[in-house]
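Asks: Generate coordinates for the entire structure from the input sequences, incorporating the hints supplied.
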Amino acid sequence: MIPDAVGQAKILIVDDNAINIKVLTLILQKYNYHVLTANDGVDGIIAAHEHHPDLIMLDVMMPGLDGFTVCEQLKNDLSTQQIPIIFLTALNQLQDKVKGFALGAADYVTKPFQAEEVVARVENHLNIRRLQKALEEKQQDLERKQQDLERQNQELASKNEELERSHAALVQAQRRVEAVFSVLSEVLPGSVLDNKYRLDKKIGEGGFGTVYKAHQIGLERTVAVKVFRPSDNQWMQATELERFRQEGMSACRIQHPNAVSILDFAISPAGIAYLVMELLEGHTLADEMLGSRALPVKRSLEIILPVCDMLAEAHALGLIHRDIKPDNISTCAAGSTQGVSLN
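Letter by letter, the sequence shown follows residues 220 to 562 of the working numbering.
A hint or two may mislead.
[Unchecked claim] In silico BS3-like pairs for lysine-lysine, Cα to Cα no more than 27 Å straight-line:
#  : residue 1 : residue 2
1  : LYS330    : LYS229
2  : LYS316    : LYS294
3  : LYS420    : LYS544
4  : LYS229    : LYS294
5  : LYS364    : LYS352
6  : LYS432    : LYS421
7  : LYS544    : LYS432
8  : LYS544    : LYS517
9  : LYS330    : LYS318
10 : LYS432    : LYS420
11 : LYS241    : LYS316
12 : LYS357    : LYS378
13 : LYS318    : LYS294
14 : LYS330    : LYS294
15 : LYS229    : LYS318
16 : LYS352    : LYS294
17 : LYS364    : LYS229
18 : LYS357    : LYS229
19 : LYS352    : LYS229
20 : LYS229    : LYS249
21 : LYS294    : LYS378
22 : LYS352    : LYS330
23 : LYS432    : LYS415
[As the list claims (entries may be wrong)] Simulated restraints on C-beta separations:
#  : residue 1 : residue 2 : range
24 : GLU369    : ASP483    : 56 to 66 Å
25 : ASN372    : LYS421    : 21 to 31 Å
26 : GLU381    : LEU536    : 38 to 48 Å
27 : VAL516    : ASP546    : 18 to 28 Å
28 : GLU369    : LEU538    : 47 to 57 Å
29 : GLU500    : GLU381    : 50 to 60 Å
30 : SER410    : LYS378    : 42 to 52 Å
I should point out that these hints are in silico values taken from the structure, not numbers from a laboratory. We treat Cβ as the ideally placed atom computed from N, Cα and C, and that holds for glycine.
Replies: Below you can see the structure in the form of structure tokens.
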């Protein structure tokens, strides 16, 4: 047998007739095919397994294992069943040709051999085999991508389920905190916070907590105390507490007659964070707007001009008020701007 070559189509000729092998070899080598040979059916099967040829030219009439038996065995073997087989035959009977096709043969060439016919049939089935291999590779690649996509979808679904569980747990925890804080905000009036501020009554609620009218014991003055609303999530607790502190620090930087003054920020020994502000007596713009379809232009200007002036100073310091609304604007009697303040 001829050893394997690299980069050429390998064709295995199985025939007990040396002349037939010689003729076919000369024809095929002229067209740069790499030719392997076997002299009987047994050697042909062995060569097919060892060399995995691209095509087999198989004689029908051989001693021992005939071509039909060899074809049947090769087609029943997963490792060789995809190799195209061309029968070499001198038989002209239709039933023999039909039997060959039924066993899985791709084509047949009759003896005596015609070079152009041999090459045409060989190249035709090699091209078909190349296309089949390319299609199989594409199919395998698609299957791998499909498996990867299914795996990624499963991972994504698993992560989504985990996120949903975490979110549900967070919601439950926040509800518990809200319930506890709601009770706490109701019982805090009458208590002394941090040994400095007596909380007298609840006067409002904001995004970060609850606001109380309070009495500063050391200086004997009335103030407003905002108590920070805690979170059950430690990371959120730290983040929101820092934002709460930044709110106080930012407000301290604004020195404007229409801005609420910040007096203190601390965390009590009991772990309650709070912010102390001047107490604004009177009512809010929201109160003033109740029962009125629209404020007169003059009154609107008395309110909006000092608010805009204060916001301009805040913007000049790089600060942005994120919660401008009627509830956060304290107003005075009509005809004055001095009592207008933005919380």
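Asks: Each hint: holds or not?
Replies: Quick rundown of the hints versus the structure:
Proposed proximity of LYS330 and LYS229 is supported: the alpha carbons are some 22 Å apart, at most 27 Å. This hinted pair checks out: LYS316 and LYS294 have alpha carbons roughly 17 Å apart, not beyond 27 Å. With a CA separation close to 23 Å, the supplied pair LYS420 and LYS544 stays within the 27 Å bound. Only pairs whose Cα atoms come within 27 Å are accepted, and LYS229 paired with LYS294 is accepted, the gap being roughly 18 Å.
Annotation: proposed proximity of LYS364 to LYS352 holds, straight-line Cα distance about 18 Å (limit 27 Å). For the hint linking LYS432 to LYS421, the alpha-carbon distance of about 6 Å falls within 27 Å, and the restraint holds. Restraint check for LYS544 and LYS432: the C-alpha separation of about 21 Å stays at or below 27 Å, so the hint holds. This hinted pair checks out: LYS544 and LYS517 have alpha carbons roughly 19 Å apart, not beyond 27 Å.
The hinted pair formed by LYS330 and LYS318 meets the criterion: a straight-line CA distance of about 18 Å does not exceed 27 Å. Of the supplied pair hints, the one linking LYS432 and LYS420 holds, its CA atoms being roughly 5 Å apart against a limit of 27 Å. Straight-line distance between C-alpha atoms of LYS241 and LYS316 comes to about 24 Å, which keeps the hinted pair within the 27 Å bound. Of the pairs offered as hints, the one joining LYS357 and LYS378 is violated, with about 31 Å between alpha carbons and a cut-off of 27 Å exceeded.
Our distance criterion of 27 Å between C-alpha atoms is met by LYS318 and LYS294, whose separation comes to about 14 Å. The suggested pairing of LYS330 with LYS294 holds, with an alpha-carbon distance near 24 Å, which does not exceed 27 Å. Restraint check: the Cα-Cα separation between LYS229 and LYS318 comes to about 26 Å, which is no more than 27 Å; the hinted pair holds. Using a Cα cut-off of 27 Å, the hinted pair LYS352 and LYS294 holds, with the two alpha carbons roughly 17 Å apart.
With a C-alpha separation of about 32 Å, the suggested pairing of LYS364 with LYS229 is violated against the 27 Å cut-off. As the CA atoms of LYS357 and LYS229 are separated by approximately 23 Å, the hinted pair is consistent with the 27 Å bound. Taking the CA atoms of LYS352 and LYS229, the gap is near 15 Å; set against the 27 Å cutoff, the hint holds. A distance of roughly 14 Å separates the Cα atoms of LYS229 and LYS249; the hinted pair therefore holds under the 27 Å criterion.
Restraint check: the Cα-Cα separation between LYS294 and LYS378 comes to about 47 Å, which exceeds 27 Å; the hinted pair is violated. A distance of roughly 30 Å separates the Cα atoms of LYS352 and LYS330; the hinted pair therefore is violated under the 27 Å criterion. Taking the CA atoms of LYS432 and LYS415, the gap is near 13 Å; set against the 27 Å cutoff, the hint holds. About 59 Å separates the C-beta atoms of GLU369 and ASP483, a value consistent with the hinted range of 56 to 66 Å.
Restraint check, ASN372 to LYS421: a C-beta distance of roughly 51 Å breaks the suggested window 21 to 31 Å. In this structure the supplied range 38 to 48 Å holds for GLU381 paired with LEU536, their Cβ-Cβ distance being about 43 Å. In this structure the hint that VAL516 and ASP546 lie 18 to 28 Å apart at CB holds, the actual value being about 22 Å. The beta-carbon spacing between GLU369 and LEU538, approximately 51 Å, falls within the hinted interval of 47 to 57 Å.
At roughly 52 Å, the beta carbons of GLU500 and GLU381 sit within the given window of 50 to 60 Å. The hinted window of 42 to 52 Å between SER410 and LYS378 holds, with their beta carbons roughly 45 Å apart.
Hints 12, 17, 21, 22, 25 from the earlier list are contradicted by this structure; the remaining hints agree with it.
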